[in-house]
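Trainee: These protein sequences, in sequence, are chains W, U and C. First residue of the first sequence: 123, per this note's numbering; consecutive thereafter. First residue of the second sequence: 1070, per this note's numbering; consecutive thereafter. First residue of the third sequence: 86, per this note's numbering; consecutive thereafter.
The set of hints was computed from the structure by calculation and includes no laboratory data. Nothing here was measured: the structure is a model prediction, and the numbers come from that model. Where hints are given, some of them may not hold.
To be clear about the criterion: a stretch of chain W counts as covered by chain U if any three or more of its residues have a C-beta under 8 Å from a C-beta of chain U, and this derived list gives those stretches [claimed, not checked]:
| no. | segment |
| --- | --- |
| 1 | 132 to 139 |
| 2 | 179 to 187 |
| 3 | 265 to 274 |
By construction, the Cβ of each residue, glycine as well, lies at the ideal position given by its N, Cα and C atoms.
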Amino acid sequence: MREAAFLLFGGAMIISALLAVTRRNPVHAALWLVLTMLSLAGVYLALGAVFLAMAQIFVYAGAIMVLFLFVVMLVGAPVEELKTPFRKGSLWGVVAAGAVFVAFLTRMPALERVRVVVFEVTARALASPLIGSGGNWGRHALAFELGSVLVVAAILGAILMVRTGREEISEEADDDR
Amino acid sequence: MSRLLLSNVSPYWGPLLMLLGAVCVGLGAVVIGRFFRSSRPTREKLEPYECGNPAIGDTRGRFSVKFYSVAMLFLLFDAEALFLWPWAAQYHAEGLFFLFEALLFIVIVGIGYLYAWRKGAFEWR
Amino acid sequence: MLILFLKTALLFGVLLTAIAYVVWVERRVLGVMQARLGPNRVGFGILATLPVVGRLFRFTKETRLFGLGQPIADGLKLFTKEGIEPAGVDPWTYRLAPILGLLPVFLGFAVVPIGPDVPVLGRIVTTQIADLPVGVIYLLAVGSLGSYSVVLAGWSSNSKFSFLGGLRAAAQMISYELPMGIAILTVVMLTGTLSLREIVAAQGDIWNLFRFPPFLILAFVISTICAVAEANRAPFDLPEAESELVGGFHTEYSGMKFALFFLAEYAHIFLGGSILAVLFLGGWNIPFIGTLAKVLPVLLNPWVYWILGVLSFALKVFAYVFFCIWLRATLPRFRYDQLMNFTWKVLTPLAAFNLLAVAVLGKLL
């Protein structure tokens, strides 16, 4: 059952990712990318990473892709500008992706030796290694606390980015309010 | 794991069935109705609605960068909330130290929030 | 598996009927609140033509039954109405958006526990489609997908009103999700589980609402406000502010596609009520059932208990639905900057302080 679900979601992921990079309309591309994110959540679910799957939907499909859509609409790129989806640079992208894929294949143990033990990782199971238990720091407690620092850094960045363009857009902001 | 072993049906079938049902309701309503409804388009009828006037300018034009910054701030605080879910689920079983770690986390993010407030990121202008 | 199929089909049937009739309830209640009648004409004159039943109940052609036929008439009208697809729309996204609106709402209902377990033919059947170990976060994750439908409808329609309405709606929905998530964290902290079934079970003695007063009440109030705002209901119905945006993101939609948006909005109200009932109001738990059962032991019969539980749950949800209608009749609409300031500057910090207070007090007391 798990294998079937894994293959199903993995296949959906690859197909939607391919469709995402070949669409000419940026909004359509973003929509296929949403489906890619959701399929990835499905893959996580098939592997038993329940909390991670929900986080994937919550953050990537629910927040990051909405942001992407807003950016695409904010720029408002006319579809005609993107008539040629394949540029010379995209060839290098394919080469790089292929290299990474080959590297993965060489590092991967032979298929018959792979025996994945799947157990469901729920939110509570994550808490003790991540944050700590029994009055001890968890193994990744520092990373947990650094996560908050990262969020603060990202807030600074976001505000700086929006503020630099403030003078030019202030008129439009009035119109659209 | 134990849940999956005990119940012969994985609970994730439920959401899948609901998804299928909702797609059927949505598609069915639109597709089946196609055989019952009239379709007599005229040029005026197909114009985008702009209170009866001919449409002015480009529709999918630019809009306030504010929407973008709201989406970005939401993403950041959403990610922050995500860190707290495992903590909240385990909270009742742990002691003061566990609480202290989360307080530290929230205070650091709170500083970022205050900074954003001072810089006017929450002013809708 | 077969039971799961039946439960899903039953849930869909109940929900769709309830939604159709809540539209009628809303119009009647608004009518009463505004000192007018509301729809009271469309009835069941057709019942008079039934052979035996018509005689028995003395149905005539004037049998109106308070206008209960209105939802059926409305449904038929919308079903047969011309579906106009304006020039310049982006066809596939335009057709996808209304269907996309239904998915997150109905997916959300998959984890809502509606009633206690009940034995059917020697097997214990839960009155819930699926009990996920991450139920609460599943609800929020699925709910966060709701903004796609509106933003796509707005973008694909090739109309300025739709576009602005869609963007507004999306920004509003994501902004109100944040305080709701933080407020719900307090419930998870107190019950120590993310499974909705276990959260309901933990409220047998006392509803979450009444624990740690007044903090959980505050969390409930924040969640209620956010639930109303997420469903784009008055006073947060900015996305379809008639006076400035015509119909908002669904300005260019007609016929059945419009009806699907309508359906999703009302289903969203029900989902919001269900979430609030499960997390704060004890779900299907019946108040004082333990004391009552001492006098009337028949209440503990599984089927009686089940019926009472489902009724108790339905009552809570309908109380919320009525509250939404009441709000619509009472409050004027927010201005958009007020709306955004309210969630970012008031609700979010309030929810965060509430969380801190519950966290600290929960360990100290």
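Trainee: Does each hint hold? Answer for all of them.
Mentor: Each hint tested on the structure:
1. 132 to 139: violated (count 0)
2. 179 to 187: holds (count 5)
3. 265 to 274: holds (count 7)
Consistency with the previously given hints fails for number 1 only.
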